[in-house]
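A.B. asks: Make a model of the complete structure from these sequences and hints.
Chain by chain, the residues run as shown.
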Amino acid sequence: MNTVEISHLSKKFENLIAIDDLSLNIESGKITGLIGADASGKTTLIRLIIGMLKAEEGKVSVLGLDPVKQKSQLNEKIGYMPQKFGLYEDLTVIENLKLYADLKKVPHDFEKLLQFTSLENFQNRLAGALSGGMKQKLGLACVLLGSPDFLLLDEPSVGVDPISRRDLMKMVRDLISPATTVLWSTAYLDEAHSFDTAVVMDKGKVIYEGRPSDLAKTSAEFEEKVIELMGGYQKSESRIAANYVYSHLDEVEYPVVAENLEKRYGNFYAVRDNSFNIKKGEIFGLLGPNGAGKSTSFKMMCGLLRPTSGTARIMGIDIQKDPEKARANLGYMAQKFSLYESITVDQNLNFFAEIYGIPKSDVKNRVNEILEIFDFGDLKKQRTGDLPLGFKQKLSMACALIHNPPILFLDEPTSGVDVLTRRDFWNHMTSLAKKGITILVTTHFMDEAEYCDRISLFYKGETIAIGTPSELKKQVSAKTMENAFIKLIQESDKK
Amino acid sequence: MKILRALVRKEFLQITRDPSSIIISFVLPLISILIFMYGINMDSVRVTFGIKNDDNSAEVAQLVNSFRNSNYIDSIISDNMNDLTQKIMRSRIKGIVLIPNDFSKKLETGNSADLMVITDGSEVNTANYLQNYVIQISNQWLSTGKYAYSMTPSVVIPVVRAWYNQELNGYFFVLPGSIAITMTMIGILLTALVVAREWERGTMEALLNTNVTKMHIVLGKYIPYFCLGMTSMIFNLILCIGVFQVPFCGSYFVLLFVSSLFLFSSMGIGLLISTKLKNQFLASQISLGIGFLPALLLSGLVFPINSMPKIIQHLTKILPPRHYITFIESEFMAGTVWPVVFKCSALLIIIGALLFVAVYKNTDMRLPND
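These protein sequence lines map, in sequence, to chains A and B.
Per this note's numbering, the first sequence starts with residue 27, numbered consecutively.
Per this note's numbering, the second sequence starts with residue 12, numbered consecutively.
None of these hints come from the bench; they were simulated from the model.
Even for Gly, the Cβ is constructed at its ideal location relative to N, Cα and C.
Now the stretches of chain A that chain B is said to cover, found in silico as 3 or more residues with beta-carbon under 8 angstroms:
1) 68-81
2) 114-120
3) 124-137
If the Cβ cut is set under 7 angstroms, some of the chain A residues that face chain B in the computed set are:
4) ASN101
5) TYR106
6) PRO108
7) LYS110
C.D. replies: Here is the structure:
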């Protein structure tokens, strides 16, 4: 039995072919993982399956229904969680649940869901005030209401920490009936490896369909295989790093120093007594669950937020005393995409070159250079908002590096980016570090944490462990970084 | 029904969480009424002018006294012409009355005498007003004083009576009219953001995959904001009738009935903009442009429709505030005039219904293809 049957489906957006003559069946009662690079057509495919978009050609049948003509009948049977999940941020947890229960015509019986999401104690908190992980859990809970026959989840685990990711997986597995079909789009290949079926997409086509275990035994091997399917990743010399000039003259042993940083809101410590030193050329990873205070620390480190007490030193300069001079040494990439979406790629670069104080006569050369080494040549006249996510992140990095800073701060640079782009990113970062640049980075990908020279694990506003990846793993005798992460946090909870 | 109730309840919760819609509903009318009441003055009250009197006879002193003895006009006396001209240039005074030194002497000998009035022509209305004032006062002085014999008695004496507003009190008609402007803005502003917001935040994509129908979505927006708008409307009327004591001759029932029709039609404009654009910033800009400006300029409140070019006159017919202003002015000042009530209601129903259909037709149940 198939829940979804698709034959020769095509979908175009203006000149862009999003889905290209695609045929696919999704088996009932199975969990199917949908994997693919950015802009490979995953979201479009999901939207076509549920009738949110209309295809130009081809046939789709979902649970025996035509998703375009019989949309309202279909809606009764599906649960769909869009990528940007539609929680009402100005409504509380319980109000959101009640709303979606009414819209799905099911009784207000949330006990089990609240228990599973561990949101029992947060029922009256506004959804907007929840941490990223909790939001996604609430979103999933709303979608699970009414026990749909077919569950479609569009990247529910983007920007979610490993613990919340496990919870999401557990919720789905425990709360659905065996007959439920799940289509789960994800950028995490370890997740995809644990599903019944994997569908790999590339340029609007299905390039692999089958059991993940047939492709590879372990999730690490699975990742390699998937990368191979997508055309393979050849690690080449990073041109970005080759082009980078370390121009800072006075040597500082620790370019980045946090001295007892603390941020208090009333009685609540967002960050408590946080200290660390980062050596020149080191990649220092800041890990921790959503809401642990990573971004707050980040903002204090670059002088965007005033600490309650303590300070940070950038190249030996106190960020509190001379924020402008300290910041001149920084390249900063914010978690939220912070370039101007309505202007073109080269206009953004020009603007950042100018505000970073590059002399007017050099701006044009520098921008052309950056366009070339980042391979933006063909895209330079594109509107920034129209770029796929991976390119946007790359452009953010280009803007952060435009003035050859000795220090780079990257806040979740790879969130929501596909595996190939992530590899590429880390290749650049490790190569840059070798040339002497000091990097502070946050991430939710535990495999990325392995690339860091040192890691600080952050939880509830405090550092609970600090050291090299292998030291941390040894500390709790865990094999993978992900297990080490979870164990360390569980231990901290026990205390 | 249950779904609609859930959507309406959700919308009300959002209203209570977000102070901006409350501010729009209650602070905006207050500011607007205060501006129409005190800021924009359509009567020429409190004008100051200067008097330079070179004739020191007792009769002329009486004339000067009469000039100064007014509730509406202030005056200053000066012998320094330079000083007075300076004051006109700085807009401290709006005009000068010059009484020459041979003024009473000429009248004494039975000749006609000249009196010079200089006015600030950059403000035409005030200039005319001042001119008329001087003529009126001097005639009065002439007819009652020593020189009365020199006046030819008038045969026709017009007795002026202004119907509906005997005191010719400007704010008696401006304030009710201002409700139309305020309610157009409120109706449009409240609704212009609400559909676009759901698209921008991604909540629409989630809604469309539940058991919600198109009618649910449309009514789910109309009902809560209609309720909020009507509360605001009643608040406006209380301010107008209760606080500012504008006389009300009509029926409260008719007033509320036609007002609700008007609110229904102006909400339609906001919802249509929001549904069509799906972008909060654009929607708010456009709604101000096509909501507020025509309501103010083309509704007949500030500029009489009769004096507009013919094409524009026809154009004003599609504007809900135009019909509402016609209605509300007559309802306040003349009481319920049934033909006016029927005509305005019918037009508002037609406009409101057309907009409702347009909103319904433009409500996308699928993602736009771009």
